[in-house]
Amino acid sequence: MLINIFLFGILIMAFMMVAAKRVSALIDGFRIQSFFLFMLMFVLAYSADSTELYIVTALLFVTKVILIPVMLRRVVKRIKVNEDLGLSVNPTVSIFAAIVLAYLAYAFTGMIAGIPAFFVSLSITLIGLFIMIFRMKAIAQIVGLLVMESGVFLTAASISGGMPFIVEIAIFFDVFLAVIILGIFVYKINSLFTHIDIDKLTELKG
Amino acid sequence: MQTITGSRALGIINALAHFALCVASCLLASHVLISGPVAFRNFFYIDALSVFFILTISIVNFAAAAYSIGYIAKDTAEGTIKERKAKAYYGLFNLFAFTMYFVTVVNNLGMLWVAIEMTTLVSAFLVGFYNNKKSIEAAWKYIIICSVGITLALLGTILFYYTASRDGGVTSLNWTDMIAAAGRLDPKVLKIAFLFILVGYGTKAGIAPMHTWLPDAHSQALAPISALLSGVLLKTAIYAIIRFTSIINICIGTSYSDNLFIFFGLLSLGVSAAFVIVQKDIKRLLAYSSVEHIGVITFGLGAGGALGLFGALFHVFNHAVTKSVMFFAAGNVVKKYKTSDMHVIRGVISAMPFTGIMLMIGAFALTGSPPFSVFFSEIMILISGFGQGLYLQSALFLAFIAVIFGAVVYHIGTIAFGKKPDDLPAAGEPLSGKIAFIFLLVFICVLGFKLPAVFSGLINSAIEIIRGA
Numbered sequence: 030m031l032i033n034i035f036l037f038g039i040l041i042m043a044f045m046m047v048a049a050k051r052v053s054a055l056i057d058g059f060r061i062q063s064f065f066l067f068m069l070m071f072v073l074a075y076s077a078d079s080t081e082l083y084i085v086t087a088l089l090f091v092t093k094v095i096l097i098p099v100m101l102r103r104v105v106k107r108i109k110v111n112e113d114l115g116l117s118v119n120p121t122v123s124i125f126a127a128i129v130l131a132y133l134a135y136a137f138t139g140m141i142a143g144i145p146a147f148f149v150s151l152s153i154t155l156i157g158l159f160i161m162i163f164r165m166k167a168i169a170q171i172v173g174l175l176v177m178e179s180g181v182f183l184t185a186a187s188i189s190g191g192m193p194f195i196v197e198i199a200i201f202f203d204v205f206l207a208v209i210i211l212g213i214f215v216y217k218i219n220s221l222f223t224h225i226d227i228d229k230l231t232e233l234k235g
Numbered sequence: 436m437q438t439i440t441g442s443r444a445l446g447i448i449n450a451l452a453h454f455a456l457c458v459a460s461c462l463l464a465s466h467v468l469i470s471g472p473v474a475f476r477n478f479f480y481i482d483a484l485s486v487f488f489i490l491t492i493s494i495v496n497f498a499a500a501a502y503s504i505g506y507i508a509k510d511t512a513e514g515t516i517k518e519r520k521a522k523a524y525y526g527l528f529n530l531f532a533f534t535m536y537f538v539t540v541v542n543n544l545g546m547l548w549v550a551i552e553m554t555t556l557v558s559a560f561l562v563g564f565y566n567n568k569k570s571i572e573a574a575w576k577y578i579i580i581c582s583v584g585i586t587l588a589l590l591g592t593i594l595f596y597y598t599a600s601r602d603g604g605v606t607s608l609n610w611t612d613m614i615a616a617a618g619r620l621d622p623k624v625l626k627i628a629f630l631f632i633l634v635g636y637g638t639k640a641g642i643a644p645m646h647t648w649l650p651d652a653h654s655q656a657l658a659p660i661s662a663l664l665s666g667v668l669l670k671t672a673i674y675a676i677i678r679f680t681s682i683i684n685i686c687i688g689t690s691y692s693d694n695l696f697i698f699f700g701l702l703s704l705g706v707s708a709a710f711v712i713v714q715k716d717i718k719r720l721l722a723y724s725s726v727e728h729i730g731v732i733t734f735g736l737g738a739g740g741a742l743g744l745f746g747a748l749f750h751v752f753n754h755a756v757t758k759s760v761m762f763f764a765a766g767n768v769v770k771k772y773k774t775s776d777m778h779v780i781r782g783v784i785s786a787m788p789f790t791g792i793m794l795m796i797g798a799f800a801l802t803g804s805p806p807f808s809v810f811f812s813e814i815m816i817l818i819s820g821f822g823q824g825l826y827l828q829s830a831l832f833l834a835f836i837a838v839i840f841g842a843v844v845y846h847i848g849t850i851a852f853g854k855k856p857d858d859l860p861a862a863g864e865p866l867s868g869k870i871a872f873i874f875l876l877v878f879i880c881v882l883g884f885k886l887p888a889v890f891s892g893l894i895n896s897a898i899e900i901i902r903g904a
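As given, the protein sequences belong to chains L and B, one line each in that order. The first sequence begins at 30 in the working numbering and counts up by one. The second sequence begins at 436 in the working numbering and counts up by one.
Source of the hints: derived by calculation from the structure; they are not laboratory data. Be careful, since some hints might not be right.
Said to hold, decoys possible - Using 20 Å as the maximum straight-line C-alpha spacing, the simulated SDA-like pairs for lysine to any residue come out as follows:
| no. | chain 1 | residue 1 | chain 2 | residue 2 |
| --- | --- | --- | --- | --- |
| 1 | L | K106 | L | T223 |
| 2 | L | K229 | B | K568 |
| 3 | B | K568 | L | N219 |
| 4 | B | K509 | B | K770 |
| 5 | B | K623 | L | M140 |
| 6 | B | K517 | B | R443 |
| 7 | B | K715 | B | Y845 |
| 8 | B | K568 | L | I108 |
| 9 | B | K517 | B | F560 |
| 10 | B | K715 | B | R781 |
| 11 | B | K626 | L | L133 |
| 12 | B | K568 | L | S220 |
| 13 | B | K623 | L | Y135 |
| 14 | B | K520 | L | I213 |
| 15 | L | K229 | B | N567 |
| 16 | L | K234 | B | T774 |
| 17 | L | K234 | B | H846 |
| 18 | L | K229 | L | N219 |
| 19 | B | K569 | L | F222 |
| 20 | B | K569 | L | L233 |
Stated by the list, open to error - Only part of the chain B face toward chain L is listed, based on derived beta-carbon distances under 10 Å:
| no. | residue |
| --- | --- |
| 21 | N543 |
| 22 | A573 |
| 23 | A574 |
| 24 | K576 |
| 25 | D621 |
| 26 | I627 |
Glycine residues also receive a C-beta, built at the ideal position from the N, C-alpha and C atoms.
Produce the complete structure using the sequences and hints provided.
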């Protein structure tokens, strides 16, 4: 029951992020979604009473709820980026697309394993991909990637009871490193191009 | 006698170290061949397939390290990069090499994923090394597109694990455990999981239509790094795909993966043929040629049979060494002419005879002319294709290869011959710059005439692993 509420929260936050028009709203959306994910993991860890799951949950909290959003906010502040997300698809159409993606995930997961968590995880993986493709700010692509990754993480937790411990830790480390490196590149893009609009990076063709 | 200092000294030490690694991997290869796979605490697992890739990586790494000496020293001398950055280069070079080796030796498929993501993160800095608009744009696209791809691959890995733990009773992600339980896995889940794996790692391998990052990244990276990206980095992703293929082949037979491989192989060949014809930039030309060769390898994996698989693995090696020669030569040309536009570059053979000749030999070798090694691996794949009754597919394969042969030889011929610009001095090249070329050329020529028994033994054992024997 509790788990279903948190799953619902995760899915709703994905929709909120699709509808967001401003960079800060997107980052906030991600933070709240990560918080729901954390609560869900906490419940799982509590019911399984597993130290390893507690550690994974704690890592999730530290990286995705605290460090990464703080870091993204700092990047946004430092480069004084224009807050507008640069929607190439407007919010109404985006929401509609997200609903279609969620339905596809529902139909697809029904074929493999009809577990609600699996449906939600695949939905947000697809929605994360949607954000990456249709939002033109470099920061939005980072957030989209993180949402995708959260989706995959949730898939692992929901259908196979999580990955082996060492792998889980390594993946956390990896994702965190990826965000730092992407952040560095955002700075570089900003200092060379004086903007971070990906659709305006067109030096390379053919 | 001038003293050797700074970045040059660092480069020489680096090259010597990589030569030592080359020798070590040969020893490892003979050890694995004689006494079977090496395992360490279930975490590392090195069998013939791993060793084959390790050998390829170490050879290209050594060549790239040797070529880097002059390349980086020249960059520092000209002031393109600072001395401090040259040091950073060698640091990143070794980190990159380490992550690639790591991919081939881990047993755990989750760690394999982590290792491949690490190769992306490290090499992104090498792609964006010059810190100009083009290279940063290329690095961003590279890291973003490959990260998306690899996230899908992680999903595929999890689905593999899902059926392995539910149906196979496996509690680890170790490849050795998965393969032991392969027969009990759920075919339906495996099919879907394999699609994610193929698209995910295929993005990293440069299989069309997920190749879009590749021409940008390969053309903007430093020449020795382009050789590593093209020659071996793509192959590490192929290696990952092969590991998963061997699991599903045991469970549901080879026809499912074969059809996918043939489809994506031909698509890659077709896409690269179209772009190679109209290409203006020499490094992008070579990058699209990498898409072609990845297509050849995938087609070979799909054409199946012992001969097709032998051709595919043999091609992994041949492409690695041949493409490296081409990127090294192109690197010299771009440095000399200060442009990579093939409409401007003329008379390479008269301006820089050694590089010019290497470029011509490389172009013929790369496009599969006899008697060079690429010809033989492509012929094996083709014979296998016809032998399996894939007449239409094999004919298409041949047609694309022929088109690319014509286009590449034409493009490279135009820049190699012709009249060199008057203001460009013709100058010989120092011997140190030639070592890398000659080292690789030995493999390209010798393997065309005779396959050492050790080498073919290694490939044959690797094939048994792929076929799930």
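Hints and how they fare:
1. Proximity of L:K106 to L:T223 is assessed by CA-CA distance (about 14 Å); at most 20 Å being required, the pair is judged to hold.
2. The hinted pair formed by L:K229 and B:K568 meets the criterion: a straight-line CA distance of about 12 Å does not exceed 20 Å.
3. The straight-line distance between the Cα atoms of B:K568 and L:N219 is roughly 10 Å, inside the 20 Å bound, and the hint therefore holds.
4. For a cut-off of 20 Å, the pair hint linking B:K509 to B:K770 stands: about 9 Å separates their Cα positions.
5. With a CA separation close to 9 Å, the supplied pair B:K623 and L:M140 stays within the 20 Å bound.
6. Taken as a hint, the B:K517 and B:R443 pair is honoured in the structure, with Cα atoms around 13 Å apart against an allowance of 20 Å.
7. Among the hinted pairs, B:K715 with B:Y845 is consistent with the structure: their alpha-carbon atoms are about 12 Å apart, no more than 20 Å.
8. For a cut-off of 20 Å, the pair hint linking B:K568 to L:I108 stands: about 17 Å separates their Cα positions.
9. For the given pair, B:K517 sits about 16 Å from B:F560 by alpha-carbon distance, which is consistent with the 20 Å threshold.
10. For the hint pairing B:K715 with B:R781, the CA-to-CA distance comes to about 13 Å; that is within 20 Å, so the pair holds.
11. A distance of roughly 18 Å separates the Cα atoms of B:K626 and L:L133; the hinted pair therefore holds under the 20 Å criterion.
12. Distance check on the hinted pair: B:K568 and L:S220 sit about 10 Å apart at the alpha-carbon level, within 20 Å; holds.
13. Between B:K623 and L:Y135 the alpha-carbon distance is near 17 Å, which keeps this suggested pair within the 20 Å criterion.
14. Simply put, B:K520 and L:I213 have alpha-carbon atoms about 17 Å apart, close enough for the 20 Å limit, and the pair holds.
15. With a C-alpha separation of about 15 Å, the suggested pair L:K229 and B:N567 falls inside the 20 Å cut-off, and the hint holds.
16. Distance restraint check for L:K234 and B:T774: the Cα-Cα separation of roughly 16 Å lies within the 20 Å cut-off, and the hinted pair is therefore satisfied.
17. Our distance criterion of 20 Å between C-alpha atoms is met by L:K234 and B:H846, whose separation comes to about 18 Å.
18. With a CA separation close to 12 Å, the supplied pair L:K229 and L:N219 stays within the 20 Å bound.
19. Distance restraint check for B:K569 and L:F222: the Cα-Cα separation of roughly 10 Å lies within the 20 Å cut-off, and the hinted pair is therefore satisfied.
20. Taking the CA atoms of B:K569 and L:L233, the gap is about 7 Å. The hint holds against a cut of 20 Å.
21. Look at B:N543: its Cβ gets to within about 6 Å of chain L, closer than 10 Å, so that hint holds up.
22. Residue-level restraint check for B:A573 holds (minimum Cβ-Cβ distance to chain L is 6 Å; threshold 10 Å).
23. Evaluation of the B:A574 hint against chain L yields a held restraint, the C-beta minimum of about 6 Å falling below 10 Å.
24. A cut of 10 Å between beta carbons decides the hint on B:K576: the least distance to chain L is about 8 Å, and the hint holds.
25. A distance limit of 10 Å between C-beta atoms decides the matter here; for B:D621 the minimum to chain L is near 9 Å, and the interface restraint holds.
26. Because the closest C-beta pair between B:I627 and chain L is about 7 Å apart, less than 10 Å, the hint holds.
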